[in-house]
Amino acid sequence: MFRKGVVIMVVVCMFVLGAGIAAYAVDDLQKQITDIKNVLPKFAIPMREVGDRFQNMYFAAKGENWALAYYMSKYMNGAMNPAKVTKSAEYPVWKSFYDDTFAPVNKAIYARDFAAFEKEYTAVIPKCNDCHAAMGYGFIKVVRMPAPADTGIAYTGKSKAEDVPK
32 MFRKGVVIMV VVCMFVLGAG IAAYAVDDLQ KQITDIKNVL PKFAIPMREV
82 GDRFQNMYFA AKGENWALAY YMSKYMNGAM NPAKVTKSAE YPVWKSFYDD
132 TFAPVNKAIY ARDFAAFEKE YTAVIPKCND CHAAMGYGFI KVVRMPAPAD
182 TGIAYTGKSK AEDVPK
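Residue 96 in my numbering sits at position 65 of the sequence shown, and the numbers go up by one each step.
These are computed hints drawn from the structure, not numbers from a lab. Quick reminder that beta carbons are idealized off the backbone N, C-alpha and C, glycines included. Treat the hints loosely; a few may be bogus.
[To be verified] Using 27 Å as the maximum straight-line C-alpha spacing, the simulated BS3-like pairs for lysine-lysine come out as follows: (1) K189 <-> K115; (2) K138 <-> K150; (3) K68 <-> K118; (4) K118 <-> K191; (5) K189 <-> K105; (6) K68 <-> K150; (7) K150 <-> K115; (8) K93 <-> K191; (9) K105 <-> K62; (10) K189 <-> K73; (11) K105 <-> K118; (12) K150 <-> K93; (13) K73 <-> K150; (14) K158 <-> K105.
[Said to hold, decoys possible] Distance ranges between label pairs, derived from CB positions: (15) K68 <-> A142: 27 to 33 Å; (16) M166 <-> P196: 20 to 26 Å; (17) G183 <-> T132: 35 to 41 Å.
All chains, please: the whole structure from these sequences, using the hints.
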């Protein structure tokens, strides 16, 4: 009888101890997730990359380097991926902007049509600024720069958007 009671007591202690460890592990995992989210960029850092790639895209298209123009667009969009986690409420605004509002720019890139590209690229700039204003950042005004953001890239060279690896 005594032995049976000890076995039951050991099992109960193991269960309680295991539950405590499991609770600690869940708390620790949540802390790790929070720590990771806190070091990921929110919107400001990815948007800086978006801005540079947006500027570079124009000069690539102007130089008929359509692969580079599309590459800039593709990775401009990808730069915002951390916001899926860090700004989950705001990220859908970006996704909608890129998928819908920015789509005519990408269409012109695929068509290798600089006249259409310049028209759509120019038309999207005030929409960028409207979006900034709507999100409370109206003091951030996008303009077309007179030179690319990255000067260490060759912007000329005939290519097509399909040349960009998937």
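For the pair we were handed, K68 and K150, check the Cα-Cα distance against 27 Å. Violated - the C-alpha atoms of K150 and K68 are around 38 Å apart, more than 27 Å.
Hint consistency between K105 and K118 [alpha-carbon to alpha-carbon, up to 27 Å]: 20 Å, holds
Take the C-alpha atoms of K189 and K105, compute the straight-line distance between them, and say whether it is at most 27 Å. With Cα atoms ~18 Å apart, K189 and K105 stay inside 27 Å; holds.
Range agreement (Cβ of A142 with Cβ of K68, hint 27 to 33 Å): Between K68 and A142, where Cβ atoms are some 40 Å apart, the hint is violated.
Restraint status (C-alpha distance of K189 to K115 at most 27 Å): 35 Å, violated
Looking only at beta-carbon atoms, does the pair G183, T132 fall within the given range of 35 to 41 Å? 30 Å, violated
Verify the proposed pairing of K150 with K115, using a straight-line Cα cut of 27 Å. 30 Å, violated
Would you check the hint for K150 and K93, treating anything up to 27 Å between C-alpha atoms as holding? 12 Å, holds
The hint says 20 to 26 Å between M166 and P196; measuring C-beta to C-beta, is that right? 32 Å, violated
Are the Cα positions of K158 and K105 separated by 27 Å at most? Holds: K158 and K105 sit about 19 Å apart, inside 27 Å.
Holds or violated: K68 to K118, with C-alpha atoms at most 27 Å apart: 10 Å, holds
K93 and K191: Cα distance at most 27 Å? 13 Å, holds
The structure does not agree with the numbered hints 1, 4, 6, 7, 9, 10, 13, 15, 16, 17 stated previously, though it agrees with the rest.
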